[in-house]
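J.: If you read the sequences in order, they're chains A and B.
Those letters in the first sequence? Residues 0 to 412, per numbering that gives the first Met the number 0, in order.
Those letters in the second sequence? Residues 0 to 264, per numbering that gives the first Met the number 0, in order.
By construction, these hints were calculated from the structure, which means they are not laboratory data.
Predicted model, so just to flag it, every value in this text is computed and none were measured.
Derived BS3-like pairs: lysine-lysine, alpha-carbon spacing no greater than 27 Å straight-line:
#1 A:Lys232 with B:Lys156
#2 B:Lys157 with A:Lys176
#3 A:Lys365 with A:Lys176
#4 B:Lys156 with A:Lys213
#5 B:Lys157 with A:Lys211
#6 A:Lys211 with B:Lys34
#7 A:Lys232 with B:Lys57
#8 B:Lys247 with B:Lys90
#9 B:Lys34 with A:Lys232
#10 A:Lys241 with B:Lys34
#11 B:Lys120 with B:Lys208
#12 A:Lys213 with B:Lys157
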Amino acid sequence: MTTPLSKPKRKDPTKRTRIPSLPPGKRSREAHGLTAMAAVGRFALQVCNECQKVQYPPRQICSNCLNDKLFWRDVNNGGKLLAETKLQHSNDTYFRDRIPWRLGIVIADAGPSIVAHLGEDCIRDQRVRMSLSIDRAGNAVITARPEKPTQLEEDDVQLREMAFNPKDRRVLIVDGKTELGLRIAENMVAAGARDVFVGSAEPWRSSSYLDKIKDLERTSIYSLDVTDTESVKELASMIGDKVEILVNNSYHLRMGGLVDKFDINTAHDEMEIHYHGLMRLAAFFGPIMKLRSADGPQGASAWLNVLSAYALINNPDLATYSASQAAALSLSQCLRSEMAAGGIRVLNAFTGPIEDEWQQIAPPPKLIPDTVAKRIIKGLQDGKEDIIIGAVAEEICARIAENAKEIERTIKL
Amino acid sequence: MHNENKKPTQLLELVTAITRGNIKVIDLTMTLDRKVPTIVLPPELGQSWPFRMEEISKYNEKGPATYWNNFSCGEHTGTHFDAPIHWISGKDLPNNSTDTIEPEKFIAHACVVDCCREAEKNPDYLLTIDDVCSWEKTYGKIPPRSWLLMRTDWSMKKTPEEYLNLDDEGAHTPGPHEELIPWLIDERDVIGFGCEDVGTDAGQASNFKTPMPCHHLMHGRGRFGLPALTNLDKLPAQGTVIITPPLKIRQGSGSPVRVLALIEE
Numbered sequence: 000m001t002t003p004l005s006k007p008k009r010k011d012p013t014k015r016t017r018i019p020s021l022p023p024g025k026r027s028r029e030a031h032g033l034t035a036m037a038a039v040g041r042f043a044l045q046v047c048n049e050c051q052k053v054q055y056p057p058r059q060i061c062s063n064c065l066n067d068k069l070f071w072r073d074v075n076n077g078g079k080l081l082a083e084t085k086l087q088h089s090n091d092t093y094f095r096d097r098i099p100w101r102l103g104i105v106i107a108d109a110g111p112s113i114v115a116h117l118g119e120d121c122i123r124d125q126r127v128r129m130s131l132s133i134d135r136a137g138n139a140v141i142t143a144r145p146e147k148p149t150q151l152e153e154d155d156v157q158l159r160e161m162a163f164n165p166k167d168r169r170v171l172i173v174d175g176k177t178e179l180g181l182r183i184a185e186n187m188v189a190a191g192a193r194d195v196f197v198g199s200a201e202p203w204r205s206s207s208y209l210d211k212i213k214d215l216e217r218t219s220i221y222s223l224d225v226t227d228t229e230s231v232k233e234l235a236s237m238i239g240d241k242v243e244i245l246v247n248n249s250y251h252l253r254m255g256g257l258v259d260k261f262d263i264n265t266a267h268d269e270m271e272i273h274y275h276g277l278m279r280l281a282a283f284f285g286p287i288m289k290l291r292s293a294d295g296p297q298g299a300s301a302w303l304n305v306l307s308a309y310a311l312i313n314n315p316d317l318a319t320y321s322a323s324q325a326a327a328l329s330l331s332q333c334l335r336s337e338m339a340a341g342g343i344r345v346l347n348a349f350t351g352p353i354e355d356e357w358q359q360i361a362p363p364p365k366l367i368p369d370t371v372a373k374r375i376i377k378g379l380q381d382g383k384e385d386i387i388i389g390a391v392a393e394e395i396c397a398r399i400a401e402n403a404k405e406i407e408r409t410i411k412l
Numbered sequence: 000m001h002n003e004n005k006k007p008t009q010l011l012e013l014v015t016a017i018t019r020g021n022i023k024v025i026d027l028t029m030t031l032d033r034k035v036p037t038i039v040l041p042p043e044l045g046q047s048w049p050f051r052m053e054e055i056s057k058y059n060e061k062g063p064a065t066y067w068n069n070f071s072c073g074e075h076t077g078t079h080f081d082a083p084i085h086w087i088s089g090k091d092l093p094n095n096s097t098d099t100i101e102p103e104k105f106i107a108h109a110c111v112v113d114c115c116r117e118a119e120k121n122p123d124y125l126l127t128i129d130d131v132c133s134w135e136k137t138y139g140k141i142p143p144r145s146w147l148l149m150r151t152d153w154s155m156k157k158t159p160e161e162y163l164n165l166d167d168e169g170a171h172t173p174g175p176h177e178e179l180i181p182w183l184i185d186e187r188d189v190i191g192f193g194c195e196d197v198g199t200d201a202g203q204a205s206n207f208k209t210p211m212p213c214h215h216l217m218h219g220r221g222r223f224g225l226p227a228l229t230n231l232d233k234l235p236a237q238g239t240v241i242i243t244p245p246l247k248i249r250q251g252s253g254s255p256v257r258v259l260a261l262i263e264e
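In isolation and in its complexed conformation, chain B is listed as follows (with noise of 0.2 Å):
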């Protein structure tokens, strides 16, 4: 029950603050339009369906007052949330869909880890549990229920081919080493794992010894995904907070989301 005489001051100086611009909210969004990339699969398994757009009315005989469209695409379209049951290995956890994660855990600390350099040099880099602990001795360690975000910058690749990087054995982008993800689960107890490129395991994840680490492991774990985010050079090391309510689609296994980062200027 509320207290009716009890002013909820903390949320009214973290408006009050946004207002300010004491902090600051980042978009951490790639804009869904028809040309935004998604995951390429072997032709002959399911596709995901391209962001595709067609208008309902345009203050025209069809709508004289209204402008809107209807849209389609993939769960899984643009910036976008993985959850557990998105794996099979996250397909008997509880509240693991969508529609049933608590909605609590859809705010969370983040940390940015910056890979930029090691990225442009070889766009299979995967990052170790060394460098998340060389970076721990900087920034300190990661608080658990954190988010670890990879920043490779990779989202300011100019064209879709670029971005996707295929060539005959697959794609090339870079991602978390196998050995990283069950140290971050019990070692930091991370919440999950966000990245810039098409999926959150590396590009040519699927020839490790254990198969898209990233989405096995973690989701079997009950953690979460959030790959093809922006805007990761605007966040500091430690200190932010992101919001990424995905679609509340019954059973759903993931969904385009809107992807907002609280930071204190």
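Excised from the complex, chain A in its bound form (with noise of 0.2 Å):
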């Protein structure tokens, strides 16, 4: 059985925090449909379009034809776990930091023979179902756990490199003004995060969210304001090396269009609050977290940035909203790239519309925010890069796949 993760120990201050290191990280092209396939928590892989044979590890040619037309499928995720060992001595430094380290060969079912990550519930010659997953380094690996779930299996220090349970973790939830905020507190809460932080910002204004989340054990109410440089700073210096996972919520939508509304100081509020935001979070949070994620098993891990799918298309209902949406989601692969030097994986969640006062007109089917929240808190858990929450959001993404021209011109609210 899974040994149950220790209770986290508050830091001794005398002992040196371990430097960040990475898993290998070179992939090659074809390696990164595994990686796309992963963000999704799709478990598919190039199949031959000729012989139908299941490839693996990826390639430009089928290994059994040598046909070149391979396309990516969704696969039967089980196998039968032929043989493991525990790695004890890597010359590469982040498996040098975590050994002994668990792997083992599964034949899977779709055919091929897989080298994966072992949970350590995981038994030789017993079923076991396989996931992609995308480790610290920002790349596909194969987890494998026993078929049927066991009880601890998410205190699995190993398979949490790869997930961000927010169980005994420290989380910062930016805005607790809005019903996602105080629903993301109350989730947190429940998946047993050690301490959820929440940010909030205009003290002078009342909200009935706020009033909730005070109650919640386990929370505490900070100041927090993104368009305010020294807000961000002075929170960040605060508990900046505390938190293990953020939430970037931020929220400000207004509703109309461009050319019949000509207002840039609405505009100015999204992209103050969207994209100006972020950057203030990354520029004093980021680099702390960095600095953390090898800090044990409840090291800083995850940076979540909640976004509307109309980042993905501008919605000329909400144009403005849309394309502020658009300008954090260019800034969130920036910080992508730069959190992933240091270990952090950097998660993006598009919403469709959800059920709120400044989506009051939005025709249905609106999300409700405590759907939304539970998604976020699954999507942490299983370590998805990309998270699709609700119809219209996975409409919107399965139409731009299609065609985007069409999709372009025919969306609305």
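Dock chain one against chain two, each of which comes alone in its own frame, and use the hints as you go.
T.: Right, here's the structure in full:
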């Protein structure tokens, strides 16, 4: 059985914090096909168009018939663990820091033999289920767990490197004055977060959501205004070295188009909160989180931005809001690249319209904030890079992949 | 034309009196920083930017020898000057914006009515004609072209929450009664009205019969506003001169202003 995660102790101030190191980072272009599948939580491998052979590792031509038409297809993630070993030595700094490390060969039901990182409960000759995960360097790897989930599976120290269960981790939620902020806080507490820090801007504005957050256990509220550089700096200096998961749920949505509604002030506010706000958070929380990514099983691990699916395609009914979300998405890609160097994963959740006061006149289907919060937690637990939430967001992604010009012309609220 | 032979004795006397401390200079200005609260409006309306500052350089690679900042804020941030063009009632008046108001209007006498006890008891306290008449019985009539400054010690509130004092029916801060404003203009010819809270009107003034009377009526008659003052407790009831030049913004509706008061010791 998986060793239960020992309750995090307070940090010994006389001990040096381990410097982050990364697993081997080089991948071929073909191998990044796995990364794309892992990002959205799919278990897909290359399949030959001609002979239907499932390929692993990814390659340019079929290992059976040399055909170069290989395409990615979701395949059965089951298999049998053929052999397992415990790595006791490595020349690689990342694994040296973490040995012993379990690896095994799985005979996949889909065909190929796959070298996988093993959960503690996997037993030789027994059935396992595999997932495509993303490691701390940002690359896809295959992990295996027993076919049936085991009791303490989520405590597995090795698998925690690739997934971000809030259990025993300390979480910062940037905006506690929205219902989504409240629901994320509630679900983080329910998921066993060790401490939940919640930001609150403009103290003179009351918020029923923030009032409810005050009653949650292990939760504390801090002054945080992402439009104010000093405010972000101040909070980072107070709790930056304790934040292990950062959830940036900054939100400022105003409806309206572009040509018929010239409103620089609204556009400015949206950019200030979504784009410059992310910049400020990155500037002050980023460096300290990067330094703490190897600080034991509870070290800093993930940064999650809550974005709108309209970051991917501009909705003319939300013209400047969509543009500010696209700007934030672009910045998040840079953040991912820079934080990867420190072993911190950057995840983006893309939501469809949410049931709230600012989207009151948006037609259904709309997401209940609690649903969004639960999907965010699940996405963290699964270590997904892109968490697509709700039917609208899913449809947007599918239509962009199918024909971006079509959706560009037809999308509206 | 200047008369080269004539020495400006009165001005020299003024400067000498300031140097010797016979005339004291009191700063009535709130320090502008990121925590200065701006007026809170319904969120669907246009919003005034809060005061924000970003460093340009601080003796570093962006400017080895220089320290300076960019700042941004709405025209009506911190201690500020309200020009008549700020309100629809004053939009067509001549010389109604910060760039066109005659500069001599930026130096004027000020009367200070102490309402701190009343405001402490009742945050919605309204200054009435009777209150001002009874003040005049003690301190003398308000001279024409004076400011009327309402002292409430509101600027001493410790937090932005206490200062703005909002609940689910809006702000609760003191201000002038709607009947006082036309009386101050017609009977006393004041140059404007100043106070210590975030706006010259009371927190609940949008519910008055004439909504926002200090803005609507004062600006409609070419008078000014001077909210978010501090240190009014250091001023005498009569005899203060205040200096209030806003930034010369073309068509500016107001601007943050450094308000200086001169008082005789």
